[in-house]
Amino acid sequence: MTLFIQQLFDGLALGGVYCLAAIGLTLIFGVLRIPNLAHGALYMLGAYVTYFFLVTVGVPYVAAIGLAAVVLALIGVLLERLVFHPLRNAPHTHHMIAAVGAMFFFQAVAQALWGADFRRMDSPISGSVTIFGAQISWQRIVIVGTAVIVLALLTWFIKRSIHGQTIEAIEQDRTGSSLVGISPSRVSMLTFGLAAALATVAAGLVAPINLLSPTMGDALSLKVFAIIILGGLGSLPGAVVGGFALALAEVMTSTYVSAAAGEGIAFVVIVLVLAIRPTGLFARAVQR
Amino acid sequence: MTTTFSPQRFGTLLVALALLLAPLTLGGEEYVLRVLTVGATYAIAVYGMNLILGLTGQLSLAHGGFFGIGVYVVGLLTTDYDWAFWPSLAVAVTATAVGGYVAGVVALRTHEEYFAIFTMAMGFIIFLVISRWESVTHAHSGVSGVKFPEGFGAFDFSEPTVMYYLVLLFLLGAAYVTYAVRRSGIGRTLVAIRTSEDLARSIGVNVGLNKQLAFAASTTLAGLGGGLFAAVQGFVGPSAAGIDLTFEMLMFILVGGLGTVLGPVVGTFLVLFLFEFFQDFEAYRFLVLGPIIVVLVIFAPRGIVGYLNQFVGRVRSRGANGSRNPGGPRGDRQAETTTDVKEAL
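Protein chains in written order, with UniProt numbering: chain A, 1 to 288; chain B, 1 to 345.
Read the hints as simulated data drawn from the structure, not as lab findings.
Think of the CB as a built atom: it goes at the ideal place given N, C-alpha and C, for glycine as much as any other residue.
Treat the hints with care, since some could be wrong.
[What the hints assert, rightly or not] Computed beta-carbon distance windows for the label pairs: (1) A:186 x B:14: 27 to 35 Å; (2) B:209 x A:219: 46 to 54 Å; (3) A:70 x B:315: 32 to 40 Å; (4) B:204 x A:70: 26 to 34 Å; (5) B:204 x A:219: 39 to 47 Å; (6) A:215 x B:14: 48 to 56 Å; (7) B:204 x A:89: 45 to 53 Å; (8) B:307 x A:186: 50 to 58 Å; (9) B:276 x A:210: 53 to 61 Å; (10) A:89 x B:317: 22 to 30 Å; (11) B:279 x A:219: 37 to 45 Å; (12) B:153 x A:268: 43 to 51 Å; (13) A:78 x B:270: 23 to 31 Å; (14) A:172 x B:208: 26 to 34 Å.
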């Protein structure tokens with residue numbers, strides 16, 4: 001039972017991280033209709049930039065994550081402008097190929113700046129609390145808490161603020177929103193910036209638990225795709241539910257079955273879901 | 001084509017001559033010959049990718065995985081089970097052909113980005129199985145001592161030059177298949193599917209079956225390339241099945257030219273040459289190559305051979321479609337259908 005509770009909390013913390021990363025991906029898909037294969041690379045860069053601010057510059061942890069989020073938001077906007085905007089009318093295969101190019105570039109940048117070996121980032125939040133005999137570290141509680149707060153703010157932003165509402169408008173009908181004066185181009189930039197910032201927050205939160213490496217985004221990239229396919233491409237609540245579901249499945253499988261099975265479960269999920277429902281669970285009508 | 005001199009034919013001849021004469025001019029440069037041989041095995045797999053991505057327009061990211069299946073079937077059968085090379089290669093090719101067809105039944109129910117994500121997951125599962133199933137694949141310690149193909153009479157394939165020509169023969173076969181497919185009705189069917197699946201269906205094309213066959217053909221070539229790769233390398237590890245390999249092949253074909261006959265071989269050797277050139281700072285090569293991929297996709301999505309073809313086509317029918325914008329996707333597609341039908345290079 002203690003083991004189960006321990007794993008439950010680990011799963012929830014991991015779920016928080018997955019949610020934050022997956023929401024960015026699903027927003028980009030909703031607005032631009034492209035699967036951004038470079039998302040994991042943005043997450044990885046986010047972790048390294050947080051590391052840079054925390055360790056090299058020496059600002060406090062929360063400020064480091066905030067600054068890194070701003071930097072990554074700018075990189076996200078640049079990525080949209082330089083790579084995806086010129087390709088907006090190209091066949092869908094071209095976006096994915098370009099995203100792969102961007103992903104390799106980001107990995108090479110991280111490797112050039114910080115080296116290929118693993119880096120450790122210590123969190124100022126230490127210690128743990130005992131709940132039902134399970135040791136839950138404060139860092140994991142902070143992750144879950146932050147994820148909930150960020151998700152609440154994001155929901156407010158998209159549903160209530162004028163800029164956020166433009167995102168939803170574009171998702172629903174691109175031509176219609178252009179007609180009422182919403183610039184698709186500006187919304188794309190906003191979405192990319194937001195997505196990169198969210199990925200950075202996720203990376204900054206999980207970095208003290210995991211190690212940093214230039215390839216840390218690879219596995220995540222595929223996992224967030226599994227999540228958004230599970231939750232339906234472009235759906236926000238789907239990304240949240242999918243994130244926690246996949247994280248719990250992963251943690252439980254690696255505890256009770258085997259580590260390799262835990263690693264592979266995300267891909268098995270993708271294959272199974274798409275084999276049964278080729279357009280994903282909870283798929284919405286696809287805008288062409 | 002009735003003209004005796006065609007730029008396409010000239011180009012083909014040039015590439016063929018360069019590949020045939022390479023070992024003679026190298027004169028004992030074992031390392032370069034080895035790189036060329038390995039490159040030729042990749043190029044065979046890239047021809048497979050060309051069939052599914054270049055002609056049919058489906059981005060399959062499981063290609064590296066199927067290459068890996070070919071590598072490991074040959075690798076494991078010739079070492080742990082002590083089979084001869086040729087039957088092992090036959091098993092590898094059959095396995096990837098059947099595997100591709102069966103996987104295609106499910107994978108091709110999905111479309112566009114779902115297909116790409118599905119095949120990426122498939123590729124990753126193949127990689128995970130190969131890199132984790134220690135009792136069978138030896139996981140990270142890899143497979144060593146893969147046998148050379150058994151020779152016939154005077155041909156001894158442990159001789160690097162002879163092995164090179166053997167791989168080249170298979171490469172020629174792969175290129176010929178692409179050429180034949182492009183000239184035939186099947187090729188036009190696949191291009192119709194690439195242009196618009198709905199439109200193709202409306203004129204009576206069996207979209208599902210044709211995509212399925214194209215996918216199976218592409219995985220078969222990946223398996224063939226993989227099997228030869230295992231024999232050329234002698235030692236193979238899980239990285240021969242990785243997703244990075246898929247991405248590299250994607251770059252090869254993109255540089256060469258999607259959907260063209262010469263594109264895969266030109267792209268593969270050119271990019272491999274660049275890789276070797278940047279070898280001293282291997283880890284950083286993507287600092288340059290990453291942006292190159294992006295720039296190519298944006299400004300030259302048809303690759304070197306595609307671009308040359310377009311140029312030749314435009315000179316030939318001067319005025320007919322010369323005013324069309326070569327970079328724009330609309331003009332591109334229209335120009336493409338005209339050149340596609342006319343030129344079989």
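Evaluation of the provided hints:
no., hint, in the structure
1, A:186 x B:14: 27 to 35 Å, "49 Å, violated"
2, B:209 x A:219: 46 to 54 Å, "35 Å, violated"
3, A:70 x B:315: 32 to 40 Å, "52 Å, violated"
4, B:204 x A:70: 26 to 34 Å, "56 Å, violated"
5, B:204 x A:219: 39 to 47 Å, "44 Å, holds"
6, A:215 x B:14: 48 to 56 Å, "40 Å, violated"
7, B:204 x A:89: 45 to 53 Å, "29 Å, violated"
8, B:307 x A:186: 50 to 58 Å, "34 Å, violated"
9, B:276 x A:210: 53 to 61 Å, "35 Å, violated"
10, A:89 x B:317: 22 to 30 Å, "25 Å, holds"
11, B:279 x A:219: 37 to 45 Å, "27 Å, violated"
12, B:153 x A:268: 43 to 51 Å, "49 Å, holds"
13, A:78 x B:270: 23 to 31 Å, "29 Å, holds"
14, A:172 x B:208: 26 to 34 Å, "31 Å, holds"
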